[in-house]
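K.L.:
Listed here are the chains, written in short residue letters.
2 protein chains.
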Amino acid sequence: MMHRVDVLLDEHGYPIHIGPGAMSNQQLFEPHLSGSQVAVISNETVAPLYLDELLKALGETEVDVFTLPDGERHKTLESYSAIMDFLMAKRHNRSTTLVALGGGVVGDITGFVAATFQRGVGLIQVPTTLLAQVDSAVGGKTAVNHPGGKNMIGAFHQPRCVIADSAVFATLPDREYRAGLAEVLKYGVIADAEFFAWMEAAGDGLLNKNPDTLAWAVRRSCEIKAGVVAQDERETGLRAILNFGHTFGHAIETLTNYRRFLHGEAVAIGMVMAADLSARQGCLPLEDAQRIKTVLQSFELPVCPPAELSDDVLHRAMGMDKKVVDGRLRLVLVEAIGQVAVSEEIDASALNATLNAADALCDG
Amino acid sequence: MMHRVDVLLDEHGYPIHIGPGAMSNQQLFEPHLSGSQVAVISNETVAPLYLDELLKALGETEVDVFTLPDGERHKTLESYSAIMDFLMAKRHNRSTTLVALGGGVVGDITGFVAATFQRGVGLIQVPTTLLAQVDSAVGGKTAVNHPGGKNMIGAFHQPRCVIADSAVFATLPDREYRAGLAEVLKYGVIADAEFFAWMEAAGDGLLNKNPDTLAWAVRRSCEIKAGVVAQDERETGLRAILNFGHTFGHAIETLTNYRRFLHGEAVAIGMVMAADLSARQGCLPLEDAQRIKTVLQSFELPVCPPAELSDDVLHRAMGMDKKVVDGRLRLVLVEAIGQVAVSEEIDASALNATLNAADALCDG
Numbered sequence: 103m104m105h106r107v108d109v110l111l112d113e114h115g116y117p118i119h120i121g122p123g124a125m126s127n128q129q130l131f132e133p134h135l136s137g138s139q140v141a142v143i144s145n146e147t148v149a150p151l152y153l154d155e156l157l158k159a160l161g162e163t164e165v166d167v168f169t170l171p172d173g174e175r176h177k178t179l180e181s182y183s184a185i186m187d188f189l190m191a192k193r194h195n196r197s198t199t200l201v202a203l204g205g206g207v208v209g210d211i212t213g214f215v216a217a218t219f220q221r222g223v224g225l226i227q228v229p230t231t232l233l234a235q236v237d238s239a240v241g242g243k244t245a246v247n248h249p250g251g252k253n254m255i256g257a258f259h260q261p262r263c264v265i266a267d268s269a270v271f272a273t274l275p276d277r278e279y280r281a282g283l284a285e286v287l288k289y290g291v292i293a294d295a296e297f298f299a300w301m302e303a304a305g306d307g308l309l310n311k312n313p314d315t316l317a318w319a320v321r322r323s324c325e326i327k328a329g330v331v332a333q334d335e336r337e338t339g340l341r342a343i344l345n346f347g348h349t350f351g352h353a354i355e356t357l358t359n360y361r362r363f364l365h366g367e368a369v370a371i372g373m374v375m376a377a378d379l380s381a382r383q384g385c386l387p388l389e390d391a392q393r394i395k396t397v398l399q400s401f402e403l404p405v406c407p408p409a410e411l412s413d414d415v416l417h418r419a420m421g422m423d424k425k426v427v428d429g430r431l432r433l434v435l436v437e438a439i440g441q442v443a444v445s446e447e448i449d450a451s452a453l454n455a456t457l458n459a460a461d462a463l464c465d466g
Numbered sequence: 103m104m105h106r107v108d109v110l111l112d113e114h115g116y117p118i119h120i121g122p123g124a125m126s127n128q129q130l131f132e133p134h135l136s137g138s139q140v141a142v143i144s145n146e147t148v149a150p151l152y153l154d155e156l157l158k159a160l161g162e163t164e165v166d167v168f169t170l171p172d173g174e175r176h177k178t179l180e181s182y183s184a185i186m187d188f189l190m191a192k193r194h195n196r197s198t199t200l201v202a203l204g205g206g207v208v209g210d211i212t213g214f215v216a217a218t219f220q221r222g223v224g225l226i227q228v229p230t231t232l233l234a235q236v237d238s239a240v241g242g243k244t245a246v247n248h249p250g251g252k253n254m255i256g257a258f259h260q261p262r263c264v265i266a267d268s269a270v271f272a273t274l275p276d277r278e279y280r281a282g283l284a285e286v287l288k289y290g291v292i293a294d295a296e297f298f299a300w301m302e303a304a305g306d307g308l309l310n311k312n313p314d315t316l317a318w319a320v321r322r323s324c325e326i327k328a329g330v331v332a333q334d335e336r337e338t339g340l341r342a343i344l345n346f347g348h349t350f351g352h353a354i355e356t357l358t359n360y361r362r363f364l365h366g367e368a369v370a371i372g373m374v375m376a377a378d379l380s381a382r383q384g385c386l387p388l389e390d391a392q393r394i395k396t397v398l399q400s401f402e403l404p405v406c407p408p409a410e411l412s413d414d415v416l417h418r419a420m421g422m423d424k425k426v427v428d429g430r431l432r433l434v435l436v437e438a439i440g441q442v443a444v445s446e447e448i449d450a451s452a453l454n455a456t457l458n459a460a461d462a463l464c465d466g
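Listed in order, the protein sequences are those of chains L and H.
Heads up, the first sequence is in this note's numbering, so the first residue is 103 and it goes up one at a time.
Heads up, the second sequence is in this note's numbering, so the first residue is 103 and it goes up one at a time.
Please note: incorrect hints may appear among the correct ones.
Each pair may be met inside one copy or between any two copies, as identical chains are not told apart.
Straight-line distance between alpha carbons at most 25 angstroms, and here's what the computed SDA-like set of lysine to any residue pairs gives [said to hold, decoys possible]:
no.: 1; residue 1: LYS192; residue 2: PRO171
no.: 2; residue 1: LYS192; residue 2: TYR279
no.: 3; residue 1: LYS192; residue 2: ALA419
no.: 4; residue 1: LYS192; residue 2: MET420
no.: 5; residue 1: LYS192; residue 2: GLN383
no.: 6; residue 1: LYS192; residue 2: ARG430
no.: 7; residue 1: LYS192; residue 2: LEU274
no.: 8; residue 1: LYS192; residue 2: THR178
If you're looking for bench data, these hints aren't it; they were derived computationally from the structure.
Construct the complete structure from the given sequences, taking the supplied hints into account.
P.N.:
Here is the structure:
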């Protein structure tokens, strides 16, 4: 069954099409191909699996394909520059359309290229991971990493549409799939207690990748994200709640050189830490913090930072996060399952306790 | 005397302050410094002349300064990347403000950094050339060059304000000053026959750099540009008329590796070529094409392309321009002094005649 979620923005709203086989449906692409040129950007893992299928759906159009190496460590200005060279060499012009076929890395970097090639060209996101379907492909954030921090260079650039094919989960490695579940759970924590409870109860059912279950989980996640983005396209306020767990998570990713954890895994740890901090500051009942951790553990996700990262090192890395405003750390705290708030009132000793990896956080 | 022109945009309009001493006026900067951090980006030629003055006007704020080498050939992704490294090393965050102190290269590259550092930070343009004051600092276009073409990588990012100090012309090399006059004349050609006639009559007066005359010329240029930009911020239509002469000009710049001509000089040649083509296609009286050429010659600007650039080579280079839509060349043609139109109806033999550098175009 196909679902459609509309992201309603002032100038350039767009549809998200969700369901098995979406990637093969030419009718979903056709309205969004403005010119006669298309460039598909993918990676060496995803292209062999889905490129042929996608090319058929792109029909008669002239298509050039650029294949990145796989992995977050290639989400750099160097890769961005290589794609620019490719588009120039293939003489793409301002009316070209870029199609991102891959996970978050491919989507973010292709989005940033689309935002800035000749000051902006069309973009279609075809996310092939759960994480990308519920997060990075929706909302118009694009970026590459800097050695000093994740997503430090980027732009806002909305896609013309997102094609979220539920059939891709069949080939998605289990580890990546579970990492995506962390972001799905995030939507429950920040905005929908019922959705959270559904995931809590679904347990093994979710891990079995039932396509209908997943299409629904992706749809609900996209609805929540689209609702937030529609209210705050440029992240001046409300949108910050989508970063729940991410300031901790990004610090962990940076300090482990983006190699040890998948993004969703780092976010899982970050959410547990943010919930822990919320409980320590007295704004969340301890048992709710525990519920979040328990569900993530049932997804076999990591829930505590590597022991070798001292609280000092973590604290410093968090200070480089984009969410820092004038030197003040701003974090998303949980007030109840389904309700969060951005806070600058961070208690230093509570934060230090949370940051200490040897703490009780990682025991239970 | 100080002038103020307001660029009226839907979301983020901004003022342009024009007049001698504007750069030293702290009150003009103060409302636009959002955070406690400021980074001034300048170049090795301009910084020794104006940095101290600017720093005084920035007052108590913590300021970091990055100095680029001088020249269009440094308007590259490499320079962009170096500025990003600098901002990261200095731990600038999302609330920082970048100040571009310099000509078009510094303004364009700093603008692109501001557009994409942490997905967008504040920008104040302090243009120190005539060209930058009337063109590149106004309108929100930012970019770097690619070896395959000028301004191929960039974004739209509006400044918070523009400070156009008329005192800077005293130190501006004559050649750069005259190159700027080409763009000033452009505004007359595209939108204001009276302004054109005023420049035609001003002759030597303009070359003497009278500050009041210049403040007025800058003001009128900014008014015309602001009016066009307000109607078409993202260059989907009307804004294309600002590119009068630029498709030819960019091709010449690209083919001479951005070294032989200043941008305004290339645009002067491009305007003469565009007017020549307009006359050949029968939409502009020959004597009006001649008037444009005569004024540019009175400014001692070049008016024909280098003889060694064949029409084939020029034609191909024009095909890489951003204004090409689906392989069709679109050019701004003159219908009368003060009135232009974008046309895709380019007569091939007329264009070839114009492109032929050995042609009568360069004789009279």
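K.L.:
Among the hints numbered above, which are violated by the structure, and what are their numbers in rising order?
P.N.:
2, 5, 7
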